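Please model the complete structure; the sequences and the hints are all you need to start from.
Chains as they are written, first to last, in this note's numbering: chain Z, 1 to 451; chain R, 1 to 272; chain W, 1 to 240.
No lab work stands behind these hints: they were computed from the structure. Bear in mind that the values here come from a model prediction, so they are computed numbers and not experimental data. Every residue gets a Cβ at the ideal spot worked out from N, C-alpha and C, and that includes glycine. Be a bit skeptical, because a hint or two may be false.
[What the hints assert, rightly or not] Derived list of chain W stretches under chain R, where covered just means 3 residues or more per stretch with a C-beta under 8 Å from a C-beta of chain R:
(1) 44-58
(2) 86-100
[Stated by the list, open to error] Restricting the straight-line Cα-Cα distance to at most 16 Å, the calculated cross-link-like pairs of lysine to aspartate or glutamate (EDC-like) are:
(3) R/230 <-> W/12
(4) Z/25 <-> R/203
(5) R/52 <-> Z/5
(6) W/215 <-> W/230
(7) R/48 <-> W/97
(8) W/52 <-> R/136
(9) W/79 <-> W/105
(10) W/78 <-> R/136
(11) R/48 <-> Z/5
(12) W/55 <-> W/18
(13) W/143 <-> W/169
(14) Z/295 <-> Z/368
(15) R/48 <-> W/105
(16) W/79 <-> W/61
(17) Z/84 <-> Z/121
(18) W/143 <-> W/163
(19) W/78 <-> W/61
(20) W/235 <-> W/197
(21) Z/25 <-> R/193
(22) Z/99 <-> R/193
(23) Z/99 <-> Z/56
(24) W/15 <-> W/54
(25) Z/295 <-> Z/265
(26) R/24 <-> W/12
(27) Z/347 <-> Z/294
(28) Z/75 <-> Z/44
(29) Z/403 <-> Z/267
As a plain string of letters, each chain reads:
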Amino acid sequence: MMSSETKVGIFALCALVIIGFITLKIGSRSFVAAGGYEVSVVVDNAIGVRPKTPVEIAGIRVGQVKEIGLEESRKAKLTLLLNKDVNLPVDSVARIRSKGFLGEIVIEIVPGTEGVQSLADGGALNFSGQSGDINMLMTQFSSIANDIKAVSAQLRDVAGTDRNSPMWQIVNNLQTFTQTLANNQANFNKMAGNLAELTEALKGTIVKSRENVEDSLKRIASITQKVDEGKGTIGKLVNDDATVNKLNEAVDNLNSTLGNIKTIETEIGYHAEYLGHTKEFKNYVNLTIRPKPDKAFIFDFVQNTNPSPDRSTNTSTISTGGTSTTVTTNTATVNQNQFRFSAQLAKSFYDFTVRGGVIESRGGVGLDYAKGPAGLQFSAYDFQTQYDQRTHLKLAGTVNVTKNLFLIGGGDDLISQLGRRNWFMGAGIRLVDEDVKSLIGTAGGISSVKR
Amino acid sequence: MEKLINKIQPLADPLGRMINGFTKTLGNLCLFVFQTLSWIPRRPYRIKNLFKQMEFIGVQSTPIIMLTGVFVGAVFALQTGKAFAMFNAESLVGATIGLSLAREIAPVFTALMVTARACSAMAAELGTMKVTEQIDALETMAVNPLHYLVCPRVIATTIMTPLLTAVFDLVGIIGAWFVGIKLLGIGEASFFDRLYFYVNLRDFIGGLVKSGFFGFFISLISCYSGFDTKGGAKGVGDSTTRAVVVSSVVVLVTDYFLTTWILEYFSQGPSV
Amino acid sequence: MIKLIDVHKAFDGQKVLDGVNLEVPKDKIMVIVGASGVGKSVLLKHMIGLMKPDKGKIVVDGVDLSALSPLELVEIRKKFGMLFQGCALFDSLNVCDNVAFPLREHSNLSSSEIKAKVDEMLAIVGLEGICHKMPSDLSGGMKKRVALARAIILQPQIMLYDEPTTGLDPIMTESVDNLILDMQQKLDITSVVISHDIASAFRIADQIAMIDNGKIIVSGTSAEFAASNDPVVMKFIGRK
Numbered sequence: 001m002m003s004s005e006t007k008v009g010i011f012a013l014c015a016l017v018i019i020g021f022i023t024l025k026i027g028s029r030s031f032v033a034a035g036g037y038e039v040s041v042v043v044d045n046a047i048g049v050r051p052k053t054p055v056e057i058a059g060i061r062v063g064q065v066k067e068i069g070l071e072e073s074r075k076a077k078l079t080l081l082l083n084k085d086v087n088l089p090v091d092s093v094a095r096i097r098s099k100g101f102l103g104e105i106v107i108e109i110v111p112g113t114e115g116v117q118s119l120a121d122g123g124a125l126n127f128s129g130q131s132g133d134i135n136m137l138m139t140q141f142s143s144i145a146n147d148i149k150a151v152s153a154q155l156r157d158v159a160g161t162d163r164n165s166p167m168w169q170i171v172n173n174l175q176t177f178t179q180t181l182a183n184n185q186a187n188f189n190k191m192a193g194n195l196a197e198l199t200e201a202l203k204g205t206i207v208k209s210r211e212n213v214e215d216s217l218k219r220i221a222s223i224t225q226k227v228d229e230g231k232g233t234i235g236k237l238v239n240d241d242a243t244v245n246k247l248n249e250a251v252d253n254l255n256s257t258l259g260n261i262k263t264i265e266t267e268i269g270y271h272a273e274y275l276g277h278t279k280e281f282k283n284y285v286n287l288t289i290r291p292k293p294d295k296a297f298i299f300d301f302v303q304n305t306n307p308s309p310d311r312s313t314n315t316s317t318i319s320t321g322g323t324s325t326t327v328t329t330n331t332a333t334v335n336q337n338q339f340r341f342s343a344q345l346a347k348s349f350y351d352f353t354v355r356g357g358v359i360e361s362r363g364g365v366g367l368d369y370a371k372g373p374a375g376l377q378f379s380a381y382d383f384q385t386q387y388d389q390r391t392h393l394k395l396a397g398t399v400n401v402t403k404n405l406f407l408i409g410g411g412d413d414l415i416s417q418l419g420r421r422n423w424f425m426g427a428g429i430r431l432v433d434e435d436v437k438s439l440i441g442t443a444g445g446i447s448s449v450k451r
Numbered sequence: 001m002e003k004l005i006n007k008i009q010p011l012a013d014p015l016g017r018m019i020n021g022f023t024k025t026l027g028n029l030c031l032f033v034f035q036t037l038s039w040i041p042r043r044p045y046r047i048k049n050l051f052k053q054m055e056f057i058g059v060q061s062t063p064i065i066m067l068t069g070v071f072v073g074a075v076f077a078l079q080t081g082k083a084f085a086m087f088n089a090e091s092l093v094g095a096t097i098g099l100s101l102a103r104e105i106a107p108v109f110t111a112l113m114v115t116a117r118a119c120s121a122m123a124a125e126l127g128t129m130k131v132t133e134q135i136d137a138l139e140t141m142a143v144n145p146l147h148y149l150v151c152p153r154v155i156a157t158t159i160m161t162p163l164l165t166a167v168f169d170l171v172g173i174i175g176a177w178f179v180g181i182k183l184l185g186i187g188e189a190s191f192f193d194r195l196y197f198y199v200n201l202r203d204f205i206g207g208l209v210k211s212g213f214f215g216f217f218i219s220l221i222s223c224y225s226g227f228d229t230k231g232g233a234k235g236v237g238d239s240t241t242r243a244v245v246v247s248s249v250v251v252l253v254t255d256y257f258l259t260t261w262i263l264e265y266f267s268q269g270p271s272v
Numbered sequence: 001m002i003k004l005i006d007v008h009k010a011f012d013g014q015k016v017l018d019g020v021n022l023e024v025p026k027d028k029i030m031v032i033v034g035a036s037g038v039g040k041s042v043l044l045k046h047m048i049g050l051m052k053p054d055k056g057k058i059v060v061d062g063v064d065l066s067a068l069s070p071l072e073l074v075e076i077r078k079k080f081g082m083l084f085q086g087c088a089l090f091d092s093l094n095v096c097d098n099v100a101f102p103l104r105e106h107s108n109l110s111s112s113e114i115k116a117k118v119d120e121m122l123a124i125v126g127l128e129g130i131c132h133k134m135p136s137d138l139s140g141g142m143k144k145r146v147a148l149a150r151a152i153i154l155q156p157q158i159m160l161y162d163e164p165t166t167g168l169d170p171i172m173t174e175s176v177d178n179l180i181l182d183m184q185q186k187l188d189i190t191s192v193v194i195s196h197d198i199a200s201a202f203r204i205a206d207q208i209a210m211i212d213n214g215k216i217i218v219s220g221t222s223a224e225f226a227a228s229n230d231p232v233v234m235k236f237i238g239r240k
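Have a look at this one:
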């Protein structure tokens with residue numbers, strides 16, 4: 001029988017060992033056990049950095065942040081504790097890097113030139129700035145946006161009013177081409193006849209050469225078998241595991257890059273409306289980018305044959321023999337076949353979508369309602385009233401026939417005074433980047449825990 | 001006026017008595033605490049008594065503490081593992097469990113288990129001694145009952161609860177490790193890396209300090225409850241129940257204040 | 001030896017002692033009798049300072065108990081031995097440890113000396129060879145004797161007995177009475193016995209006092225007590 005002193009002693013010993021063990025494990029000096037040295041680095045912004053934040057060189061942990069403090073009331077000073085066997089040249093630089101999507105922060109040291117004098121205890125490192133996956137991504141996105149802006153600006157210039165511009169030339173050429181096609185109807189019929197004869201002849205030939213074909217097929221089979229077995233260069237390439245691994249790796253890398261933008265959905269569409277009153281076609285090319293399911297950027301290029309007129313006022317003073325008369329002329333110019341563009345921000349609430357921005361090159365807002373395959377779209381734009389104009393109102397109903405095809409119909413410029421009221425009907429196609437999305441979606445959604 | 005007084009009186013009477021009783025109890029408790037504290041440094045030091053209590057409170061509570069610790073850690077890992085999997089943050093399971101164990105779960109659960117196991121027994125034993133006049137007998141033999149009975153129990157509980165908390169911390173992490181890594185398949189390296197990264201020494205030590213306070217409170221309350229026993233076996237039962245209920249409530253309530261005071265003071269400095 | 005001067009005590013507004021005046025002579029056995037629940041035990045607890053009077057003085061050996069600090073009270077208690085009604089043996093300790101308890105607390109004797117002393121005391125009360133039994137294994141009479149051994153081991157000057165014979169059979173009663181007388185003769189101590197057993201009282205008492213309604217109504221030698229004309233006393237001792 002043990003005495004209670006012995007029992008308590010054993011228990012206390014165990015508990016103290018546990019305390020010591022935990023202390024060693026989570027203690028702030030646990031990683032750099034002894035003989036480490038300190039260097040400091042002054043950074044602009046220490047967001048996310050805290051004591052024990054790892055310090056890495058080339059992805060290998062070499063130390064940790066010992067403490068952080070304010071430097072001259074405007075910058076952050078990090079004191080890093082490094083392993084003593086890490087030798088850094090004095091021109092080494094440190095930077096704050098975020099790893100992964102959760103934004104884990106590490107201090108990365110990029111060693112300087114070899115052979116330069118080593119950094120001593122208490123020395124200072126230079127700071128080279130912040131970088132990180134998300135930050136980098138954002139920067140890249142903004143530069144992409146700038147590019148797009150520049151391109152669209154050019155496009156606008158190209159598609160301008162100048163009848164000699166390349167865009168117009170293309171349209172003219174197309175017109176000529178279709179004209180020619182129409183004129184050569186007879187020739188086409190002849191060609192079709194020829195083709196029919198040709199296929200008839202071919203049929204005969206194929207029957208005759210059937211044996212040849214079978215022979216060829218056998219050869220092909222033997223070649224593929226060889227490839228399978230790894231004979232020959234192609235076979236080796238196809239059957240080499242290294243190739244497969246490299247391919248997988250490449251796909252993985254792609255996935256991890258794309259994983260970050262997995263939620264962005266792009267939609268490309270085209271539709272045409274036939275305006276019943278003026279008997280004209282109006283064409284829309286649409287690009288919709290959805291960073292989130294309930295948010296969208298909508299861009300449209302609209303080729304409108306009957307746009308609202310541009311108006312201008314000219315005031316001229318005519319002097320005749322000492323008396324001067326002021327003449328004011330209001331000019332309404334309708335520039336047919338002019339390209340217009342829309343750029344809208346949209347946000348969805350339940351079945352409703354509110355959008356606003358530029359609609360057909362004018363300021364405007366819109367409200368959409370969608371339920372199942374059917375939807376209603378209402379837009380109001382061109383609020384100018386200077387010349388007794390009325391706001392351009394457009395109401396349209398849409399029906400999705402398939403996932404990609406839809407019909408549209410409704411009324412345009414509903415309260416116009418100038419008899420420009422119009423009804424229209426049309427159809428269009430819409431392509432959503434389903435394939436890309438699903439690919440990215442699976443790549444990003446893999447989790448180590450089964451749900 | 002008289003009518004009004006007549007109406008109010010039946011309501012005010014018991015209320016007044018309740019307030020009176022409460023202040024009296026509180027006053028007695030304070031006096032009890034004060035006297036106990038003043039007796040602690042006095043000779044003779046009954047080391048054998050102290051070790052006996054330490055064995056009862058500390059050593060004999062270890063199995064139950066380990067059992068609860070393992071399962072608390074395990075169930076915690078299961079829940080956080082599933083929840084964090086929803087946004088691919090399973091690697092944070094270790095850190096979450098480590099932090100909550102060190103700061104809250106281990107001190108509070110240990111205090112509650114010690115209350116349930118040791119403090120209830122304390123109240124029952126002292127209560128029985130009270131109703132069988134053993135406490136009076138001590139006094140007639142010129143031995144202060146506070147010195148002989150209460151001081152060793154309070155000291156033993158105050159020392160043993162933090163040690164049991166440390167045990168709870170360790171086995172809790174073991175339970176979490178088993179479920180998290182062996183069953184849910186969270187990476188072992190990330191589990192422990194994040195744990196060591198996010199859990200600071202002051203979280204751990206703060207938890208131990210807190211549990212020391214818990215041990216002090218629960219043992220004093222239970223001893224007071226035992227000393228305050230009146231009547232026979234029923235009185236002993238009542239005081240035991242009261243000791244457990246009041247101790248548990250006090251643990252949970254003071255936990256908030258201790259966390260605010262001690263840990264806030266404790267975690268001052270650059271590393272938060 | 002012990003003087004009680006106008007001692008008052010009330011519990012929750014209910015008066016238990018209402019001006020008790022009593023003097024216990026040195027080296028005599030005083031028996032205080034009274035019906036159950038009139039405050040006999042309370043009176044006894046006042047004598048040893050377990051309770052403090054609401055009003056009045058208790059003087060022991062010329063020292064006023066109510067004027068003492070807790071530490072001085074501890075010192076004066078070493079003069080007392082007390083036998084409780086329910087024996088109040090520590091049930092976590094065995095018989096020997098119970099008897100040795102006061103010695104271990106208050107003397108610097110070696111363990112062998114303590115052992116010898118304990119054996120001596122157990123011999124006095126007529127118990128031998130039960131050293132390692134626990135109190136729960138003992139009968140009522142044995143418990144009483146162990147408690148008595150524990151009470152006398154420090155050789156007190158004053159012994160207080162709280163209902164020593166209650167709940168015992170007549171044979172055991174007589175043997176306890178004999179024990180009390182024995183103590184008196186062997187150790188020369190002042191004894192105060194609380195009892196409602198009048199036969200036992202007459203057998204051991206030098207002095208008898210009767211308490212009723214919170215007051216001492218009669219106090220004197222056994223003979224004086226027996227001759228008292230107080231109706232309560234007459235009723236109590238069964239004299240017409």
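Hints versus structure:
{"no.": "1", "hint": "44-58", "result": "holds (count 3)"}
{"no.": "2", "hint": "86-100", "result": "holds (count 6)"}
{"no.": "3", "hint": "R/230 <-> W/12", "result": "holds (14 Å)"}
{"no.": "4", "hint": "Z/25 <-> R/203", "result": "holds (13 Å)"}
{"no.": "5", "hint": "R/52 <-> Z/5", "result": "holds (8 Å)"}
{"no.": "6", "hint": "W/215 <-> W/230", "result": "holds (13 Å)"}
{"no.": "7", "hint": "R/48 <-> W/97", "result": "holds (14 Å)"}
{"no.": "8", "hint": "W/52 <-> R/136", "result": "holds (14 Å)"}
{"no.": "9", "hint": "W/79 <-> W/105", "result": "holds (14 Å)"}
{"no.": "10", "hint": "W/78 <-> R/136", "result": "holds (14 Å)"}
{"no.": "11", "hint": "R/48 <-> Z/5", "result": "holds (8 Å)"}
{"no.": "12", "hint": "W/55 <-> W/18", "result": "holds (9 Å)"}
{"no.": "13", "hint": "W/143 <-> W/169", "result": "holds (14 Å)"}
{"no.": "14", "hint": "Z/295 <-> Z/368", "result": "holds (13 Å)"}
{"no.": "15", "hint": "R/48 <-> W/105", "result": "holds (13 Å)"}
{"no.": "16", "hint": "W/79 <-> W/61", "result": "holds (10 Å)"}
{"no.": "17", "hint": "Z/84 <-> Z/121", "result": "holds (9 Å)"}
{"no.": "18", "hint": "W/143 <-> W/163", "result": "holds (14 Å)"}
{"no.": "19", "hint": "W/78 <-> W/61", "result": "holds (13 Å)"}
{"no.": "20", "hint": "W/235 <-> W/197", "result": "holds (13 Å)"}
{"no.": "21", "hint": "Z/25 <-> R/193", "result": "holds (10 Å)"}
{"no.": "22", "hint": "Z/99 <-> R/193", "result": "holds (15 Å)"}
{"no.": "23", "hint": "Z/99 <-> Z/56", "result": "holds (12 Å)"}
{"no.": "24", "hint": "W/15 <-> W/54", "result": "holds (10 Å)"}
{"no.": "25", "hint": "Z/295 <-> Z/265", "result": "holds (10 Å)"}
{"no.": "26", "hint": "R/24 <-> W/12", "result": "holds (13 Å)"}
{"no.": "27", "hint": "Z/347 <-> Z/294", "result": "holds (6 Å)"}
{"no.": "28", "hint": "Z/75 <-> Z/44", "result": "holds (5 Å)"}
{"no.": "29", "hint": "Z/403 <-> Z/267", "result": "holds (12 Å)"}
When the structure is compared with the earlier hints, no violation turns up for any of them.
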